[in-house]
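A.B. asks: Hey, can you work out the whole structure from these sequences and the hints?
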Amino acid sequence: MTITGIAAIGAGIAVIGAGMGIGRIGGSAMEAIARQPEAAGKIQTAMIIAAALIEGAALFAVVVSLLVA
Amino acid sequence: MRFSRFFRIHTIVTLLVFAASAFISPLQLRASTDTTAVTDTTATQAEEKFNPVDMIMHHISDAHDWHLFDLTGENGELHPVSIPLPVILVTDGHVDVFMSSAFHHGHSEVVKSDRTYKLDHGHVVETSGKSVTDLSITKNVASMLLSVILLVSLFGAAGASYRKNGLGAPKGVAKILEPLVVYVRDEIAIPNIGEKKYARYMPYLLTAFFFIWINNLLGLIPGGANFTGNIAVTLTLAVITMIITNVSGTKTYWGHIFTPHVPKGLYPIMIPVEVIGVLSKPFALTIRLFANITAGHIIILSLVALIFIFKNIALAPVSVAFVLFISCLELLVAALQAYVFTLLSALFIGLALEEPHHEHGTEHAHH
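So the protein sequences, as listed, match chains F and P.
Heads up, the first sequence is in numbering that gives the first Met the number 0, so the first residue is 0 and it goes up one at a time.
Heads up, the second sequence is in numbering that gives the first Met the number 0, so the first residue is 0 and it goes up one at a time.
By construction, these hints were calculated from the structure, which means they are not laboratory data.
Keep in mind that a hint or two might mislead.
Reference listing, derived: stretches of chain F covered by chain P, where coverage requires no fewer than 3 residues with Cβ under 8 Å from a Cβ of chain P [said to hold, decoys possible]:
1) 42 to 53
2) 56 to 68
Chain P side only, calculated, beta carbon under 10 Å to chain F, not exhaustive [said to hold, decoys possible]:
3) N74
4) L265
5) L284
6) A290
Nothing here was measured: the structure is a model prediction, and the numbers come from that model.
Each residue gets a CB set at the ideal place from its N, CA and C atoms; glycine is no exception.
C.D. replies: In structure tokens:
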């Protein structure tokens, strides 16, 4: 179990978190659009912004893994 | 007319500030993108195992010449083809300027009177150990200057067309730029900063938005430089946002940081937390942009490297299809990261401009 291997596992775990978070956002956005199709534009914008911020957090972890490995 | 000249002067000034600050960027934090993984060096000369890490790091890192491609010579050796860039070094008060072709891709040393320079993994070192200040026009700086020329010419042309045609329907390049500028004003600046004060910050927000977007896009072109994936660059942008935010801070803003509305016993905890909050926002901006862009480039390069790892041309259609998909995603990310950076900058500026609202507690007695 080298440090490089552990760093890779760490990056993978961080991506699981990001995937779950963005999946939830996508799901809520779909439901919201289904309820109110005319608000689709605003919901989509808000969804993209939230996804970008969560991805930022996941990439913090990727950066740490890259630094370690 | 005054409106567009105001924009133009401030846009140019801000761009020049960026240009000046990038001369400092080669100095600091270059190593952060240079951290090469320790790969096992069991590959001998005879096997010539393809090392994707070296290839990827070479494409992501900054360099003193703009490497384009390699030509294979008769004996199988590789002749690199690259555009040499000026190397500007300051050692012991002496300024040495020469073209990076003098290094012959790391094979030669450059002697200037009593100073001898050589390239060590992309860094210029002086052989007798003197400390060197490297102010070279590296690949990233050259890419930035290219994007600055592009931006100034695009927006200069747009401004000139408004001056000539008045504020009617736009003509020429203003036709594509006006909806974008109006978008930044109506969806990013006004909702976050407010109707009364947003105009002062529009030049910076517009500069940040278009500068980051154009540089993200230039980095995606094959042979382009990974400019916004350089942590020194994103740090500079985030520090500029931090300076603008805190210089615009009202008394209420600083009051909330140093005298938060909590019982006085919690001050030793809350004040460090608030101060860290002031610093963590630009840190997040830095890392978000850097990691998104660099990770995108690494993914694209890794998928292309698949062909070379398997040494099989049959893999090429699959690899190219993946690369095409990821490149489209990266186009979205390029615009999105510019938008998110600008949005968060506007948000932080808006937070710093908060006016005293009705205080909680006893002060209601006065009203």
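A.B. asks: Indicate, hint by hint, whether the structure satisfies it.
C.D. replies: Against the structure, the hints:
1. 42 to 53: Our answer is that it holds, as 4 residues pass the Cβ test (under 8 Å) against chain P, meeting three.
2. 56 to 68: holds (count 7)
3. N74: Violated: closest Cβ of chain F sits about 35 Å from P/N74, beyond 10 Å.
4. L265: 27 Å, violated
5. L284: 9 Å, holds
6. A290: Hint holds; P/A290 Cβ to chain F Cβ min 3 Å, cut 10 Å.
Consistency note: the structure conflicts with the earlier hints numbered 3 and 4.
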